[in-house]
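2 protein chains.
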Amino acid sequence: MSETVKYVLDESRIPKAWYNLVADLPRPPAPVLHPGTLQPVGPDDLAPLFPMALIAQEVSTEREIEIPAPVRTVYRQWRPAPLHRARRLERALDTPARIFYKYEGVSPAGSHKPNTAVAQAFYNKEAGVRRLTTETGAGQWGSALAYAGATFGLDVQVFMVRVSFDQKPYRKAAMEAWGARCVASPSRETNAGRAVLAEQPDTTGSLGIAISEAVEVAAQHDDTKYALGSVLNHVLLHQTVIGLEAMAQMEMADAYPDIVVGCTGGGSNFAGIAFPFIGAGLRGGAKPRVIACEPAACPSLTRGRYAYDFGDTGHLTPLVKMHTLGSGFIPPGFHAGGLRYHGMAPLVSLVQELGLIESRAYPQIACFEAGLQFARSEGIIPAPEANHAVRGAIDEALACKRDGQARTILFNLCGHGNFDMQAYIDFQAGRLTDSPYDESALQSALAALPKVA
Amino acid sequence: MSETVKYVLDESRIPKAWYNLVADLPRPPAPVLHPGTLQPVGPDDLAPLFPMALIAQEVSTEREIEIPAPVRTVYRQWRPAPLHRARRLERALDTPARIFYKYEGVSPAGSHKPNTAVAQAFYNKEAGVRRLTTETGAGQWGSALAYAGATFGLDVQVFMVRVSFDQKPYRKAAMEAWGARCVASPSRETNAGRAVLAEQPDTTGSLGIAISEAVEVAAQHDDTKYALGSVLNHVLLHQTVIGLEAMAQMEMADAYPDIVVGCTGGGSNFAGIAFPFIGAGLRGGAKPRVIACEPAACPSLTRGRYAYDFGDTGHLTPLVKMHTLGSGFIPPGFHAGGLRYHGMAPLVSLVQELGLIESRAYPQIACFEAGLQFARSEGIIPAPEANHAVRGAIDEALACKRDGQARTILFNLCGHGNFDMQAYIDFQAGRLTDSPYDESALQSALAALPKVA
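Protein chains in written order, with our numbering: chain A, 1 to 453; chain B, 1 to 453.
Extracted from the complex, chain A is given alone in its bound form:
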C-alpha cells in the first residue's frame, strides 16, 4: 500500500537545455521552401513572422540549446511535471505491463502547450515585439499563448476557428481572462478573412484559414509577430523538456521504457516525449519502440503523402516536407480538435521515414472508451487529444497481457479535459460517431499537392 505512484523532480532538475534531435539524425531535414520561388528560404524570408532567435533555433544543428533563465523561472511554476505510475490502471487491465505517464496537464493552461508558448513569448519580448498573433482550433494553443503573453507583457490576438469559437465559449473566456483578444475566424479584420466571408458568409472556418489571418496581421505590422503552436522545429524543440524530465524520472523509478507512446496532430507533444528517447537510441543507447497515435479521421502519418505542402489554406506560408493529407483536406468535425491538421511536423515525418517510429490511427469512440477507463482508474479526465495516447498505451498493455510480457510503457498525458466536457457528454449519451473522412476528398486534396521538383 505504500507503493510509489508519482515521481517528482526537484526544481533544480528542470532541464537547462532543450534537446535538438537534428544533431543526431542520420540525415538533415529537407529545406523549407519559399511559397513563391520554391527556393529554400533564408532567415530574412522568415523575419517578418518570427524573431531571429527562433529562426536560428528553427535551423540549428546544435544538440543542446540553452533554456534562458527567465523561461526556466516561468517553467518553475509547474515544472518539473510529475511522472506517474498508473498502478490502478494496471490492476484494472490485469496486465503484467508497467505503465508510466508523464502528466502535462498541471500547467496553468492545462496542457503541454505553455512549454513553447512561454519560450516564444520570451524571445519575442526580447526582440522588442509588442504583439503576437496566432490561430487556435480547440483552444489549447490559444489559451497557452494568452497565458504566456500575460506573463511577459505582450498583447496577444487569437484567431479562433469559428466552429470552436461558437462551441467552446469557456476556452475563449480563459483567453480573455489572461487578457488576450480572441476573434472568430474567418474575421473581417484581414484580407484573407474577408475573402472567405465574401464567398462563404456562413462558413465554420478552418485552421488553415485562421493561420492565413494570423500570418497576414503579423506580416503587415512591424510591432507584431506570429506564433505557431506545433509543426515547426523550434516548437518541437521547446517540448523536449517533457522527455528530458521523463528520462530522469524513469531513472528514479529504476526503469526504462520499452515502448513510448504519444498522440499526434501537429506532432509537438509526441516529439516532446519521444525525441529525447529516440536520440538516446541513435547515440547508442536502448531503442524503445516509439508509437505515434493519430485520429483515424485525420490520418496524416498513416494515410498522408510525404511531400512538400503548404501549412495553410491560403498558401501564405512556406512549403515544408511532411506527411500531408493536402492543405485542401478538411477533416470531419471530431472532438479532438487539437489533432485536426492536414500535415505532420516535418521532423516527426522524417523520423517516420527513417523507420524510427511506428504510427497507428484510432477512431474516436475507442479513444473515449480508453479515456473513461483511465479517468475511473487514475482519476484524471484526459483531453480528447490525449485519449489517443491513452488508447495506444492500453492496447500495448493488453498485448503484454496476451504475451505474458512485463514490458514498460511510457506515454504522454498531454492535457486534461476540463474544458472539453461536452465531448464526454456526447460520448456518454451515445451521440458520438467515428466520423470517417471522405476518401474521394482526400484523393482530391492529395492530387492538388504543389508540384515541387
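Some clues are possibly wrong.
Taking beta-carbon pairs under 8 Å as the criterion, some of the chain B residues facing chain A (in silico) [claimed, not checked]: (1) V106; (2) P169; (3) G179.
Here are the simulated lysine-lysine pairs, DSS-like style, with alpha carbons at most 30 Å apart [what the hints assert, rightly or not]: (4) B/K6 to A/K16; (5) A/K6 to A/K16; (6) B/K401 to B/K6; (7) A/K6 to B/K6; (8) A/K287 to A/K401; (9) B/K287 to B/K6; (10) A/K321 to A/K287; (11) B/K287 to B/K401; (12) A/K321 to A/K451; (13) A/K6 to B/K16; (14) B/K16 to B/K125; (15) B/K401 to B/K321; (16) B/K6 to A/K125; (17) A/K401 to B/K125; (18) B/K16 to B/K6; (19) A/K125 to A/K6; (20) B/K125 to A/K6; (21) B/K16 to B/K287.
Hints listed in this document are in silico derivations from the structure and should not be mistaken for laboratory results.
If you're wondering where the values come from, they're calculated on a predicted model, not measured in any experiment.
From the three backbone atoms N, C-alpha and C, an ideal C-beta is built for every residue, glycine too.
Got chain A; can you put chain B on it based on the hints?
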C-alpha cells in the same frame, strides 16, 4: 531571474497524521443535539449515516489522528500540493509584502475537496459500505466524491441542486466520467424531494433540500451511507493536510506567515490552511492574524447568529452550534456556489467566538476583479470561491504598501476555475451584480431558529 517561485515537498513529507485543533482549544465544542430530543447525540444516533471510524473522529480530542496508508497512497497522486511565492503578483501590486499561496487545484477534481472525499471513501469501504450519497451545489464536492468513489470502488449518488444541474452540465459530466450517478434535486427518488416538488414543481432547489434527500436515502438503506463535504469536525480534520504541508513549505522558504487567509462557505478549506497555524499559536508559537473571507451575499460569520441550528432545510440532520443565517435563509444566486450555505462549521464558529480569527465579507465583483488580476499575474484562473481569499490577500498586500510593512501573507488557493468560466464570461461582459441578500428574509430566518435551552 532565478528567484524561487514554488516550494515542493518530497512525497515522504505528506503528513502522516491529521491535526485535530480540538486538542489545543481552551474549551471543547458544544455538543451536537438530536433533532427530535434536543439531547446530545451518541455514536449510535449517527451510525445510520456515517461509519464508526468517522464518528470517532467527529468527537475525538486526540491532537493527531493517523492517516491510513491507503489514503496516503491516493494523496500521493497530487500531494504534497505546491506552495507558490506570488512574485509576479507582488510586482503587479508594487507591495513590500511577501505573498505565498498554497495551491489545491492540482487534485484530479481541481479543488481541496478530495482531501476528505478520499478519506471518507476509504473508511466507508473499510466498513463494508457499498454506496455513498451526497449533495452538491456548485459541483466541486460532488466531483470530488465521484472521483474518490471510483478510486475505492464505491457507488456514488449525488443530489445536485437543480439550478446548478441545469447551469453546469460540465460538472455533471465530470461526475459521470468518474462513474457517479448525478440527479437533479429535488428529485422524485425521495420523500423529501417529492414533497417539495408537490408544492413547487418549478423550484430551482437548494443545498438544504439536497442534503435532506441524500440523508434520507442513506438512512433508508443498510448498504448506503452519507458523506458531507464541509462543516463537520472530521471533514475539517482531513483538510488539515493543507496547513501542515504549508508549514513545512514555509520553513523551506525560511518564512512564517504574519497573516493567513482563506475563503469560507462551510469552512473546510479555511480550516485546512488555518487550524495548524492557530494550533501552533495556542501551543506557544507565533500567532499570525487569521482572516476568513466570506461572500457578502451569504455572510454567516459576519452577520449570522452563533446558535444551534439544523444543517438542512428539511430538518432531518442533528443540530449544531454555529454561526448561522437560519436554515430557512436562501442566499441570492451569486457565482461562488460553493459558499452558498446558511451555516458555518461549528469549529470555525468556535474559533471566531474565541477571538482566534477575524472575518470579513466581500461582494462578488470585487472578488472577480481580484481573481482576474491574479490570473494575469500568476497564470492560474481561480475558482469563484477562491477569489474571496485572493481578494483578502491582495487587500492585505495593499495595506502593507500603505504602511510600508513587508508582512508575509499566506493564502489558500483552494481550486481552479476551469469548470466555472461562465462566471468569468458574465463578469467580463459586465453582467454581474453584487446581488445583496434580502435583509428582512434574513431576519425572518433568524427569528425561526430552533429554541434550544
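Hints versus structure:
no., hint, verdict
1, V106, "6 Å, holds"
2, P169, "6 Å, holds"
3, G179, "5 Å, holds"
4, B/K6 to A/K16, "17 Å, holds"
5, A/K6 to A/K16, "22 Å, holds"
6, B/K401 to B/K6, "23 Å, holds"
7, A/K6 to B/K6, "18 Å, holds"
8, A/K287 to A/K401, "22 Å, holds"
9, B/K287 to B/K6, "24 Å, holds"
10, A/K321 to A/K287, "26 Å, holds"
11, B/K287 to B/K401, "22 Å, holds"
12, A/K321 to A/K451, "12 Å, holds"
13, A/K6 to B/K16, "17 Å, holds"
14, B/K16 to B/K125, "20 Å, holds"
15, B/K401 to B/K321, "39 Å, violated"
16, B/K6 to A/K125, "24 Å, holds"
17, A/K401 to B/K125, "29 Å, holds"
18, B/K16 to B/K6, "22 Å, holds"
19, A/K125 to A/K6, "36 Å, violated"
20, B/K125 to A/K6, "24 Å, holds"
21, B/K16 to B/K287, "24 Å, holds"
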